[in-house]
Amino acid sequence: MKKFIVLALFALTFTRLANAQEPVKNTTGILGAFGAEVSLIHSLIQDAKELTIQNIKFTEGTLNGHHVVLAQTGMGKVNAAITTTLMLDHFAPSQVLFTGIAGGVDPDLSPGDLVIGSKLAYHDYGSITPDGMLRRATQSAVTQMPNPEYFPCSANLITLAQQVSSNIQFQNVGRAGRSPKVVTGVIVTGDVFVSSNTATQQLWANMHAEATEMEGAAVAQACWQQKVPFLVIRSLSDSASNNAHDDVAAFYQTAAHNSATLVMAIVGKIK
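All letters in the sequence shown, in the order written, are residues -20 to -1, 1 to 251 by mature numbering (1 follows the signal peptide of the UniProt record, and there is no 0).
Please keep in mind that the hints were generated in silico from the structure rather than gathered at the bench. Check before you lean on any hint, since a few could be wrong.
Here are the simulated DMTMM-like cross-link-like pairs (lysine to aspartate or glutamate), alpha carbons at most 25 Å apart as the crow flies [said to hold, decoys possible]:
(1) Lys5 to Glu30
(2) Lys37 to Asp171
(3) Lys37 to Asp69
(4) Lys251 to Asp86
(5) Lys207 to Asp27
(6) Lys37 to Asp27
(7) Lys5 to Asp27
(8) Lys99 to Asp171
Based on the provided sequences and hints, a complete structural model is requested.
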(Lines of atoms letter the chains of each structure in order from A and count residues from 1; the text may use other names and numbers.)
(Lines give C-alpha, C1' and ligand atoms only; values in the text may rest on other atoms or scores of the structure.)
Protein backbone atom coordinates (compact mmCIF):
# COMPACT_ATOMS: atom_id res chain seq x y z
CA MET A 1 0.00 0.00 0.00
CA LYS A 2 2.81 2.37 0.92
CA LYS A 3 4.57 1.58 -2.34
CA PHE A 4 1.39 2.41 -4.25
CA ILE A 5 1.05 5.77 -2.46
CA VAL A 6 4.68 6.66 -3.19
CA LEU A 7 4.25 5.78 -6.86
CA ALA A 8 1.02 7.79 -7.04
CA LEU A 9 2.70 10.84 -5.50
CA PHE A 10 5.63 10.48 -7.89
CA ALA A 11 3.28 10.29 -10.86
CA LEU A 12 1.37 13.36 -9.68
CA THR A 13 4.59 15.34 -9.21
CA PHE A 14 5.87 14.28 -12.63
CA THR A 15 2.58 15.33 -14.25
CA ARG A 16 2.71 18.75 -12.61
CA LEU A 17 6.29 19.28 -13.72
CA ALA A 18 5.45 18.16 -17.24
CA ASN A 19 2.52 20.56 -17.40
CA ALA A 20 4.44 23.47 -15.89
CA GLN A 21 5.27 26.11 -18.46
CA GLU A 22 8.77 27.44 -18.82
CA PRO A 23 9.00 31.24 -18.68
CA VAL A 24 8.87 32.80 -22.14
CA LYS A 25 12.26 34.15 -23.18
CA ASN A 26 12.64 37.92 -23.53
CA THR A 27 9.50 38.72 -21.59
CA THR A 28 9.02 42.29 -20.41
CA GLY A 29 7.42 42.75 -17.01
CA ILE A 30 5.16 45.79 -16.64
CA LEU A 31 4.03 47.10 -13.26
CA GLY A 32 1.81 49.94 -12.08
CA ALA A 33 0.35 50.79 -8.69
CA PHE A 34 -3.21 51.88 -9.57
CA GLY A 35 -5.91 50.66 -11.90
CA ALA A 36 -5.76 53.67 -14.21
CA GLU A 37 -2.01 53.22 -14.55
CA VAL A 38 -2.34 49.72 -16.01
CA SER A 39 -5.87 49.63 -17.49
CA LEU A 40 -4.89 51.04 -20.90
CA ILE A 41 -2.06 48.55 -21.24
CA HIS A 42 -4.26 45.69 -20.07
CA SER A 43 -6.91 46.52 -22.65
CA LEU A 44 -4.38 46.27 -25.51
CA ILE A 45 -2.71 42.98 -24.57
CA GLN A 46 -3.53 40.32 -27.17
CA ASP A 47 -4.06 36.61 -26.44
CA ALA A 48 -4.25 37.53 -22.76
CA LYS A 49 -4.01 34.82 -20.13
CA GLU A 50 -4.72 35.51 -16.47
CA LEU A 51 -2.83 33.85 -13.63
CA THR A 52 -3.33 34.56 -9.92
CA ILE A 53 -0.34 34.05 -7.62
CA GLN A 54 -0.66 34.75 -3.90
CA ASN A 55 -3.91 36.60 -4.66
CA ILE A 56 -2.15 38.92 -7.14
CA LYS A 57 -3.37 38.80 -10.74
CA PHE A 58 -0.84 38.64 -13.56
CA THR A 59 -1.76 39.00 -17.23
CA GLU A 60 0.43 37.43 -19.92
CA GLY A 61 0.13 38.10 -23.60
CA THR A 62 1.46 40.07 -26.55
CA LEU A 63 1.79 43.84 -26.65
CA ASN A 64 3.15 45.60 -29.74
CA GLY A 65 4.54 42.31 -30.97
CA HIS A 66 6.39 41.56 -27.73
CA HIS A 67 5.62 39.09 -24.95
CA VAL A 68 4.70 40.85 -21.69
CA VAL A 69 3.40 40.12 -18.23
CA LEU A 70 1.44 42.86 -16.46
CA ALA A 71 0.48 43.31 -12.81
CA GLN A 72 -0.95 45.96 -10.52
CA THR A 73 1.16 46.28 -7.38
CA GLY A 74 -1.05 48.37 -5.16
CA MET A 75 0.24 51.42 -3.33
CA GLY A 76 3.43 51.62 -1.31
CA LYS A 77 6.87 50.06 -1.09
CA VAL A 78 5.94 46.72 0.48
CA ASN A 79 3.16 46.01 -2.02
CA ALA A 80 5.49 46.94 -4.87
CA ALA A 81 8.29 44.71 -3.57
CA ILE A 82 5.96 41.73 -3.11
CA THR A 83 4.50 41.95 -6.61
CA THR A 84 7.90 42.54 -8.22
CA THR A 85 9.40 39.54 -6.43
CA LEU A 86 6.54 37.27 -7.49
CA MET A 87 6.89 38.48 -11.08
CA LEU A 88 10.64 37.88 -11.13
CA ASP A 89 10.26 34.43 -9.59
CA HIS A 90 7.39 33.09 -11.70
CA PHE A 91 7.91 34.80 -15.07
CA ALA A 92 11.67 35.55 -15.18
CA PRO A 93 11.29 38.75 -17.23
CA SER A 94 14.32 39.99 -19.13
CA GLN A 95 13.49 43.56 -18.07
CA VAL A 96 10.91 45.32 -15.92
CA LEU A 97 9.14 48.60 -16.65
CA PHE A 98 7.11 50.55 -14.11
CA THR A 99 4.45 53.02 -15.22
CA GLY A 100 2.56 55.52 -13.11
CA ILE A 101 1.97 58.98 -11.74
CA ALA A 102 4.15 61.03 -9.39
CA GLY A 103 4.51 64.37 -7.70
CA GLY A 104 6.85 66.85 -9.33
CA VAL A 105 9.84 68.02 -7.30
CA ASP A 106 11.82 69.97 -9.90
CA PRO A 107 10.34 73.50 -9.87
CA ASP A 108 10.70 73.66 -13.66
CA LEU A 109 8.27 70.76 -14.12
CA SER A 110 4.47 70.95 -14.19
CA PRO A 111 1.62 68.44 -13.97
CA GLY A 112 1.55 66.35 -17.13
CA ASP A 113 5.30 66.33 -17.70
CA LEU A 114 7.04 62.96 -17.81
CA VAL A 115 10.16 61.74 -16.03
CA ILE A 116 12.30 58.90 -17.36
CA GLY A 117 14.05 57.60 -14.27
CA SER A 118 17.83 57.70 -14.37
CA LYS A 119 18.12 56.31 -10.85
CA LEU A 120 15.85 55.62 -7.88
CA ALA A 121 16.35 56.21 -4.16
CA TYR A 122 14.38 56.08 -0.93
CA HIS A 123 13.79 59.46 0.68
CA ASP A 124 12.51 57.93 3.94
CA TYR A 125 15.11 55.24 4.72
CA GLY A 126 17.75 55.96 7.35
CA SER A 127 17.77 57.73 10.70
CA ILE A 128 15.91 60.71 12.11
CA THR A 129 18.38 62.90 13.97
CA PRO A 130 18.06 66.29 15.69
CA ASP A 131 19.26 67.77 12.40
CA GLY A 132 16.65 65.96 10.33
CA MET A 133 16.63 62.87 8.13
CA LEU A 134 19.96 61.11 7.71
CA ARG A 135 19.55 58.90 4.64
CA ARG A 136 21.56 55.76 4.07
CA ALA A 137 21.60 52.77 1.76
CA THR A 138 19.51 49.67 2.29
CA GLN A 139 21.16 46.30 2.88
CA SER A 140 20.87 43.39 0.50
CA ALA A 141 19.24 40.33 2.01
CA VAL A 142 21.10 38.30 -0.64
CA THR A 143 24.68 39.44 -0.02
CA GLN A 144 24.31 41.18 3.38
CA MET A 145 26.19 44.10 1.80
CA PRO A 146 24.95 47.67 1.41
CA ASN A 147 22.96 48.36 -1.74
CA PRO A 148 23.56 51.52 -3.74
CA GLU A 149 21.83 54.50 -2.20
CA TYR A 150 20.63 55.29 -5.73
CA PHE A 151 19.62 52.31 -7.87
CA PRO A 152 20.60 53.02 -11.50
CA CYS A 153 18.04 52.27 -14.19
CA SER A 154 19.14 50.35 -17.28
CA ALA A 155 21.16 52.61 -19.57
CA ASN A 156 19.79 50.79 -22.62
CA LEU A 157 16.19 51.23 -21.51
CA ILE A 158 16.79 54.91 -20.71
CA THR A 159 18.18 55.48 -24.20
CA LEU A 160 15.28 53.61 -25.76
CA ALA A 161 12.76 55.66 -23.77
CA GLN A 162 14.40 58.91 -24.79
CA GLN A 163 14.37 57.89 -28.45
CA VAL A 164 10.73 56.81 -28.63
CA SER A 165 9.41 59.70 -26.52
CA SER A 166 10.26 62.21 -29.24
CA ASN A 167 7.82 60.51 -31.62
CA ILE A 168 4.83 60.23 -29.29
CA GLN A 169 1.81 62.51 -29.36
CA PHE A 170 0.97 62.71 -25.65
CA GLN A 171 -2.35 63.95 -24.35
CA ASN A 172 -2.26 67.68 -23.71
CA VAL A 173 -2.61 68.95 -20.16
CA GLY A 174 -5.09 71.45 -18.74
CA ARG A 175 -7.47 73.86 -20.40
CA ALA A 176 -4.65 75.59 -22.26
CA GLY A 177 -3.71 72.30 -23.90
CA ARG A 178 -0.03 72.43 -22.93
CA SER A 179 2.09 69.69 -24.49
CA PRO A 180 3.95 67.67 -21.84
CA LYS A 181 7.72 67.72 -21.83
CA VAL A 182 9.88 64.68 -21.14
CA VAL A 183 12.99 64.80 -18.93
CA THR A 184 15.39 62.23 -17.50
CA GLY A 185 16.34 62.37 -13.85
CA VAL A 186 16.20 61.10 -10.28
CA ILE A 187 12.97 59.69 -8.85
CA VAL A 188 12.66 59.28 -5.07
CA THR A 189 10.37 56.94 -3.20
CA GLY A 190 8.75 56.92 0.24
CA ASP A 191 5.69 55.59 2.01
CA VAL A 192 4.12 59.04 2.16
CA PHE A 193 2.09 61.14 -0.24
CA VAL A 194 4.07 64.38 -0.39
CA SER A 195 1.79 67.41 -0.28
CA SER A 196 4.07 70.05 1.20
CA ASN A 197 5.97 72.94 -0.34
CA THR A 198 8.61 72.66 2.39
CA ALA A 199 9.15 68.90 1.96
CA THR A 200 9.32 69.22 -1.81
CA GLN A 201 11.93 71.98 -1.58
CA GLN A 202 14.02 69.75 0.70
CA LEU A 203 13.84 66.82 -1.72
CA TRP A 204 14.94 69.12 -4.52
CA ALA A 205 17.81 70.61 -2.51
CA ASN A 206 19.04 67.41 -0.84
CA MET A 207 18.39 64.70 -3.42
CA HIS A 208 18.15 66.63 -6.72
CA ALA A 209 14.98 64.69 -7.48
CA GLU A 210 12.73 65.33 -10.44
CA ALA A 211 9.76 63.48 -8.94
CA THR A 212 8.57 61.70 -5.81
CA GLU A 213 6.32 58.64 -5.55
CA MET A 214 5.65 55.55 -3.40
CA GLU A 215 6.82 52.41 -5.25
CA GLY A 216 9.72 52.92 -7.66
CA ALA A 217 12.75 52.35 -5.43
CA ALA A 218 11.24 49.15 -4.04
CA VAL A 219 10.86 47.80 -7.57
CA ALA A 220 14.38 49.00 -8.33
CA GLN A 221 15.85 47.27 -5.27
CA ALA A 222 14.16 43.94 -6.06
CA CYS A 223 15.37 44.07 -9.65
CA TRP A 224 18.86 45.25 -8.73
CA GLN A 225 19.37 42.42 -6.25
CA GLN A 226 18.23 39.88 -8.84
CA LYS A 227 20.27 41.53 -11.63
CA VAL A 228 17.25 42.29 -13.82
CA PRO A 229 17.35 45.53 -15.88
CA PHE A 230 14.58 47.98 -15.00
CA LEU A 231 13.20 51.40 -15.82
CA VAL A 232 10.67 53.58 -14.01
CA ILE A 233 8.51 56.00 -16.00
CA ARG A 234 6.49 58.62 -14.14
CA SER A 235 4.06 61.24 -15.42
CA LEU A 236 3.40 64.10 -13.03
CA SER A 237 -0.11 64.34 -11.64
CA ASP A 238 0.80 67.19 -9.26
CA SER A 239 3.68 69.31 -8.01
CA ALA A 240 3.87 67.65 -4.56
CA SER A 241 2.91 71.05 -3.16
CA ASN A 242 0.36 72.13 -0.57
CA ASN A 243 -2.29 71.76 -3.30
CA ALA A 244 -1.23 68.28 -4.44
CA HIS A 245 -4.53 66.59 -3.61
CA ASP A 246 -6.46 69.01 -5.81
CA ASP A 247 -3.95 68.63 -8.64
CA VAL A 248 -4.21 64.84 -8.58
CA ALA A 249 -7.96 65.03 -9.01
CA ALA A 250 -7.50 67.24 -12.07
CA PHE A 251 -4.54 65.55 -13.79
CA TYR A 252 -4.48 61.92 -12.64
CA GLN A 253 -6.15 60.35 -15.67
CA THR A 254 -4.09 62.27 -18.22
CA ALA A 255 -0.85 61.60 -16.37
CA ALA A 256 -1.57 57.86 -16.09
CA HIS A 257 -2.48 57.67 -19.78
CA ASN A 258 0.71 59.43 -20.92
CA SER A 259 2.97 57.27 -18.78
CA ALA A 260 1.32 54.09 -20.08
CA THR A 261 1.64 55.38 -23.66
CA LEU A 262 5.39 55.85 -23.27
CA VAL A 263 5.85 52.43 -21.67
CA MET A 264 3.91 50.74 -24.51
CA ALA A 265 6.08 52.52 -27.06
CA ILE A 266 9.21 51.27 -25.30
CA VAL A 267 7.87 47.71 -25.33
CA GLY A 268 7.33 47.93 -29.08
CA LYS A 269 11.03 48.68 -29.64
CA ILE A 270 12.55 46.07 -27.31
CA LYS A 271 14.39 43.37 -29.25
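A quick look at each hint next to the structure:
1. About 18 Å separates the Cα atoms of Lys5 and Glu30, which keeps this hinted pair within 25 Å; it holds.
2. For a cut-off of 25 Å, the pair hint linking Lys37 to Asp171 stands: about 23 Å separates their Cα positions.
3. Proposed proximity of Lys37 and Asp69 is supported: the alpha carbons are some 14 Å apart, at most 25 Å.
4. About 33 Å separates the Cα atoms of Lys251 and Asp86, which puts this hinted pair outside 25 Å; it is violated.
5. The suggested pairing of Lys207 with Asp27 is violated, with an alpha-carbon distance near 29 Å, which exceeds 25 Å.
6. Only pairs whose Cα atoms come within 25 Å are accepted, and Lys37 paired with Asp27 is accepted, the gap being roughly 16 Å.
7. Between Lys5 and Asp27 the CA atoms are separated by roughly 17 Å; this keeps the pair inside 25 Å, and the hint holds.
8. Between Lys99 and Asp171 the CA atoms are separated by roughly 18 Å; this keeps the pair inside 25 Å, and the hint holds.
Of the hints listed earlier, those the structure fails to meet are numbers 4 and 5, in rising order.
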